[in-house]
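Residue numbers (our numbering), protein chains in the order written: chain A, 1 to 187; chain B, 1 to 177.
Because the hints were derived from the structure by calculation, they are not lab data. Incorrect hints may have been included.
What the hints assert, rightly or not - From chain A, some residues computed to sit far from chain B (all C-beta separations above 10 Å):
{"no.": "1", "residue": "92"}
{"no.": "2", "residue": "109"}
{"no.": "3", "residue": "133"}
Said to hold, decoys possible - List time: in silico SDA-like cross-link candidates among lysine to any residue, alpha-carbon distance up to 25 Å:
{"no.": "4", "chain 1": "B", "residue 1": "27", "chain 2": "B", "residue 2": "58"}
{"no.": "5", "chain 1": "B", "residue 1": "129", "chain 2": "A", "residue 2": "75"}
{"no.": "6", "chain 1": "B", "residue 1": "75", "chain 2": "A", "residue 2": "150"}
{"no.": "7", "chain 1": "B", "residue 1": "27", "chain 2": "B", "residue 2": "43"}
{"no.": "8", "chain 1": "B", "residue 1": "27", "chain 2": "B", "residue 2": "152"}
{"no.": "9", "chain 1": "B", "residue 1": "75", "chain 2": "A", "residue 2": "134"}
{"no.": "10", "chain 1": "B", "residue 1": "129", "chain 2": "A", "residue 2": "73"}
{"no.": "11", "chain 1": "B", "residue 1": "129", "chain 2": "A", "residue 2": "134"}
{"no.": "12", "chain 1": "A", "residue 1": "174", "chain 2": "A", "residue 2": "103"}
{"no.": "13", "chain 1": "B", "residue 1": "27", "chain 2": "A", "residue 2": "147"}
{"no.": "14", "chain 1": "B", "residue 1": "75", "chain 2": "A", "residue 2": "52"}
{"no.": "15", "chain 1": "B", "residue 1": "75", "chain 2": "A", "residue 2": "100"}
{"no.": "16", "chain 1": "B", "residue 1": "129", "chain 2": "A", "residue 2": "150"}
Positions of the beta carbon are idealized from the N, C-alpha and C atoms, including for glycine.
If you want the building blocks of each chain, they are given just below.
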Amino acid sequence: MPTDDLIQRVHCLASMDLPSVMQNAVIPPESITPEDLCPLLEQADWSVSLDPTNPSRINIHADGGISLWLGFDGPYLRFTSCWRLRPGVPVGAALVLINQANCAGFGVTFCYYPALPLQPNYFPDYPLPKDIPAQSVGSCFVVHCAHGVTLRQLEGARDNFILQNNLAMSRVFKLGLLGEEPLETAG
Amino acid sequence: MKRQQSNPGLIEATQLHLADIEELLLKYGHPVIDESEFLSIPTPFFGMYININCENSIVDLSGAIELTRNGSLRKQLRLVNWLNNAVPLVRFSLAQAADLDKGIDLLQLPDRSDLWGSIALPVASGFSKRQFLIAFDALITGLIHAYAAAVGTGLVDAPMCEACAGQFEAEEDSYAH
């Protein structure tokens, strides 16, 4: 016989509208794959598509100036972005801007491409990305999902990620250093 | 109840306190200094220390490496950028660096810069001890790589751990006599 506590929880769930149930339902770790997550995100009104060039990531469609992806990497989901600086920006200035964005906090990591190592192949176990356009800014934000994840968590992470990128881009724009050419679709 | 059955190791955010994290670290053999508002973890490397803060449903793990006073700012920034590209999970930044908005010349060096690495764990939905320890280990691993890179590029003054420094000093004393 179900306990009173369990009956109360079932009634509580039944009274919630479907979107709330969807938002709070835990997606188990085994279902956190591009093929399983893509249709779920589409159902939640995300504009996403499987990346035909990279089976371990989903494209998250964004406005012309920025590209967003969701990458699948073991116990982590990784939001990644890429946007351009204006051609001819001195490397030193770009690095200072990147550092300011990283000091701002909120968990989003910014970096500048190309990343020039001080010594070539210093860490062979850490290959640098090669398919990012030159003089671009990339950022990433990691969501730990070893115990599963909810849509609410993913949307909160996505919104914070986009907000931090917009803040950084806005700062770069005010300095007259933001690229005007639209970024081609990743991959 | 269902959540606890499927994830028995989850800690609710409302039950998270620095004291719990301190207990967890001590259990796994990490020495911890309770600084009341944050935890400080000594490391065997000179100039490297780790702090843990817990505020607003975020557990913030951060570590700093003291860089040399005579290093090139451009070189320091290149190192930081390279680490952010290469080392996953950890976010690196340079404290006390030049601010472009304030018009400070890039060639004017700060007195001393700290290379910071951090991992932020949002815990509003709860988190697990395993998750915390994975993040803690990732931070230490990332900082060690950063420390090695800084040593290799001449950006750290004292590239010795405490044990090696003691041995070095003992050998110096023996030469003096």
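Structure-based check of all given hints:
| no. | hint | in the structure |
| --- | --- | --- |
| 1 | 92 | 5 Å, violated |
| 2 | 109 | 4 Å, violated |
| 3 | 133 | 14 Å, holds |
| 4 | B:27 <-> B:58 | 22 Å, holds |
| 5 | B:129 <-> A:75 | 14 Å, holds |
| 6 | B:75 <-> A:150 | 41 Å, violated |
| 7 | B:27 <-> B:43 | 17 Å, holds |
| 8 | B:27 <-> B:152 | 34 Å, violated |
| 9 | B:75 <-> A:134 | 20 Å, holds |
| 10 | B:129 <-> A:73 | 20 Å, holds |
| 11 | B:129 <-> A:134 | 40 Å, violated |
| 12 | A:174 <-> A:103 | 19 Å, holds |
| 13 | B:27 <-> A:147 | 23 Å, holds |
| 14 | B:75 <-> A:52 | 38 Å, violated |
| 15 | B:75 <-> A:100 | 16 Å, holds |
| 16 | B:129 <-> A:150 | 19 Å, holds |
In summary, the structure is inconsistent with hints 1, 2, 6, 8, 11, 14 from the numbered list given earlier, while agreeing with the others.
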